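Colleague: Line by line, the protein sequences are chains W and C.
Numbering of the first sequence is given in this note's numbering, commencing with residue 969 and proceeding in unit increments.
Numbering of the second sequence is given in this note's numbering, commencing with residue 33 and proceeding in unit increments.
Please note that the accuracy of each hint is not assured.
[Said to hold, decoys possible] Calculated pairs, DSS-like style, for lysine-lysine (alpha carbon to alpha carbon, straight line, at most 30 angstroms):
id, chain 1, residue 1, chain 2, residue 2
1, W, LYS1005, W, LYS1025
2, C, LYS46, W, LYS1039
3, C, LYS110, C, LYS89
4, C, LYS110, W, LYS1010
5, W, LYS1025, W, LYS1036
6, C, LYS89, C, LYS43
7, W, LYS1026, W, LYS1080
8, W, LYS1025, W, LYS1080
9, W, LYS1036, C, LYS110
10, W, LYS1010, C, LYS46
11, W, LYS990, W, LYS1005
12, W, LYS1005, W, LYS1080
13, W, LYS1080, W, LYS1036
14, W, LYS1010, W, LYS990
15, C, LYS89, W, LYS1010
16, C, LYS46, W, LYS1025
17, W, LYS1026, W, LYS1039
18, C, LYS110, C, LYS43
19, W, LYS1080, C, LYS43
20, W, LYS1026, W, LYS990
21, W, LYS990, W, LYS1080
22, C, LYS89, W, LYS990
23, W, LYS1026, W, LYS1036
24, C, LYS110, W, LYS1039
25, W, LYS1036, C, LYS43
26, W, LYS1080, W, LYS1010
27, W, LYS990, W, LYS1025
28, W, LYS1025, W, LYS1039
29, C, LYS46, C, LYS89
[Unchecked claim] Sample of chain C residues lacking proximity to chain W, with all beta carbon distances greater than 12 angstroms (derived):
id, residue
30, LYS46
31, ASP95
32, SER105
33, LEU123
I should point out that these hints are in silico values taken from the structure, not numbers from a laboratory.
Since we're looking at a predicted model, the values are computed, not measured.
We put the beta carbon where it would ideally sit given N, CA and C, even for glycine.
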Amino acid sequence: GENVEQHPSTLSVQEGDSAVIKCTYSDSASNYFPWYKQELGKRPQLIIDIRSNVGEKKDQRIAVTLNKTAKHFSLHITETQPEDSAVYFCAASPYTGGFKTIFGAGTRLFVKA
Amino acid sequence: GAGVSQSPRYKVAKRGQDVALRCDPISGHVSLFWYQQALGQGPEFLTYFQNEAQLDKSGLPSDRFFAERPEGSVSTLKIQRTQQEDSAVYLCASSLSSTSTDTQYFGPGTRLTVL
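Bound-form chain W, shown alone (with noise of 0.2 angstroms):
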């Protein structure tokens, strides 16, 4: 059916170090992977985002990757910083026969000081 799994739930890590966000999808014909960052009380925001022609994407200490094959897609944050602590949501989007974008239950990321 349709979904997509992430992991972990939650992720707690020193500031300066690296985190590592997964995701899974199921439905082959998605073709678009945006990650959002959603602070406290405030709206998702785009993060980055990657598309099934490309496996690779950075901007700055932000990169995402995707493995269409195995339909898994990945988030990596470097040199963390205490302001990047906040939920982060994967997504795939269309689902076949429709519109649907398809949110992951999300990352809660804590940056310790």
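Given chain W's structure and the hints, the job is docking chain C onto it.
Modeller: Here is chain C on its own, set in the frame of chain W:
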């Protein structure tokens, strides 16, 4: 420029009341999405509009939920006979075109509490 706006930001309803939630997308954006976000969960798709056409309503949880976008800009999500399980944040997002790979820009959400 102005982003996506939603009103009201907070809504408290008694069980059984009807509510209407408004979304003002970014001007000129073709696509508009509604999501429901329960506490501690990711946004869950409700429905999708391309201009005024509602092309996907597969995520609406029951026939108590109804959405419209009559002129292809502002959209309203209406919930009839609200139930406690309807309590959530309702997010609206818009994107520039009808392409599935377009960035979705989210509004601040409406937090609905049903007593």
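Colleague: Could you run down the list of hints and mark each one as holding or not?
Modeller: Here is how each hint holds up against the structure:
Proposed proximity of W:LYS1005 and W:LYS1025 is supported: the alpha carbons are some 17 angstroms apart, at most 30 angstroms. Our distance criterion of 30 angstroms between C-alpha atoms is broken by C:LYS46 and W:LYS1039, whose separation comes to about 43 angstroms. Distance check on the hinted pair: C:LYS110 and C:LYS89 sit about 13 angstroms apart at the alpha-carbon level, within 30 angstroms; holds. For the given pair, C:LYS110 sits about 23 angstroms from W:LYS1010 by alpha-carbon distance, which is consistent with the 30 angstroms threshold.
For the proposed pair W:LYS1025 and W:LYS1036, the alpha carbon gap of about 14 angstroms is at most 30 angstroms, so the pair holds. Proximity of C:LYS89 to C:LYS43 is assessed by CA-CA distance (about 23 angstroms); at most 30 angstroms being required, the pair is judged to hold. Note on W:LYS1026 and W:LYS1080: the hinted pairing holds, with a Cα-Cα distance of about 24 angstroms set against a maximum of 30 angstroms. Between W:LYS1025 and W:LYS1080 the CA atoms are separated by roughly 26 angstroms; this keeps the pair inside 30 angstroms, and the hint holds.
Only pairs whose Cα atoms come within 30 angstroms are accepted, and W:LYS1036 paired with C:LYS110 is rejected, the gap being roughly 38 angstroms. Using a Cα cut-off of 30 angstroms, the hinted pair W:LYS1010 and C:LYS46 holds, with the two alpha carbons roughly 25 angstroms apart. Between W:LYS990 and W:LYS1005, the direct Cα distance comes to roughly 14 angstroms. Compliance with the 30 angstroms bound is thereby established for this hinted pair. At roughly 18 angstroms between alpha-carbon atoms, W:LYS1005 and W:LYS1080 fall within 30 angstroms of each other, so this suggested pair holds.
The straight-line distance between the Cα atoms of W:LYS1080 and W:LYS1036 is roughly 33 angstroms, outside the 30 angstroms bound, and the hint therefore fails. Our distance criterion of 30 angstroms between C-alpha atoms is met by W:LYS1010 and W:LYS990, whose separation comes to about 23 angstroms. With a C-alpha separation of about 25 angstroms, the suggested pair C:LYS89 and W:LYS1010 falls inside the 30 angstroms cut-off, and the hint holds. Taking the CA atoms of C:LYS46 and W:LYS1025, the gap is near 47 angstroms; set against the 30 angstroms cutoff, the hint is violated.
A C-alpha spacing of about 19 angstroms is found between W:LYS1026 and W:LYS1039, which places the hinted pair at or below 30 angstroms, so the restraint holds. A threshold of 30 angstroms between alpha carbons decides the hint, and for C:LYS110 with C:LYS43 the separation of about 13 angstroms falls inside it, so the pair holds. Taking the CA atoms of W:LYS1080 and C:LYS43, the gap is near 35 angstroms; set against the 30 angstroms cutoff, the hint is violated. Between W:LYS1026 and W:LYS990 the CA atoms are separated by roughly 16 angstroms; this keeps the pair inside 30 angstroms, and the hint holds.
Proposed proximity of W:LYS990 and W:LYS1080 is supported: the alpha carbons are some 21 angstroms apart, at most 30 angstroms. For a cut-off of 30 angstroms, the pair hint linking C:LYS89 to W:LYS990 stands: about 29 angstroms separates their Cα positions. Using a Cα cut-off of 30 angstroms, the hinted pair W:LYS1026 and W:LYS1036 holds, with the two alpha carbons roughly 18 angstroms apart. Restraint check: the Cα-Cα separation between C:LYS110 and W:LYS1039 comes to about 36 angstroms, which exceeds 30 angstroms; the hinted pair is violated.
The straight-line distance between the Cα atoms of W:LYS1036 and C:LYS43 is roughly 42 angstroms, outside the 30 angstroms bound, and the hint therefore fails. Note on W:LYS1080 and W:LYS1010: the hinted pairing holds, with a Cα-Cα distance of about 21 angstroms set against a maximum of 30 angstroms. Taking the CA atoms of W:LYS990 and W:LYS1025, the gap is about 15 angstroms. The hint holds against a cut of 30 angstroms. The straight-line distance between the Cα atoms of W:LYS1025 and W:LYS1039 is roughly 16 angstroms, inside the 30 angstroms bound, and the hint therefore holds.
A distance of roughly 26 angstroms separates the Cα atoms of C:LYS46 and C:LYS89; the hinted pair therefore holds under the 30 angstroms criterion. The Cβ of C:LYS46 sits about 24 angstroms from the closest Cβ of chain W, beyond the 12 angstroms cut-off, so the non-interface label holds. Every C-beta of chain W lies more than 12 angstroms from that of C:ASP95, the closest at about 19 angstroms, which supports listing it as non-interface. With 12 angstroms as the threshold on Cβ separation, the claim that C:SER105 sits away from chain W holds: the shortest Cβ distance comes to roughly 18 angstroms.
Residue placement check: C:LEU123 does not keep its beta carbon more than 12 angstroms from all beta carbons of chain W (closest about 7 angstroms).
Consistency with the previously given hints fails for numbers 2, 9, 13, 16, 19, 24, 25 and 33, ordered from lowest to highest.
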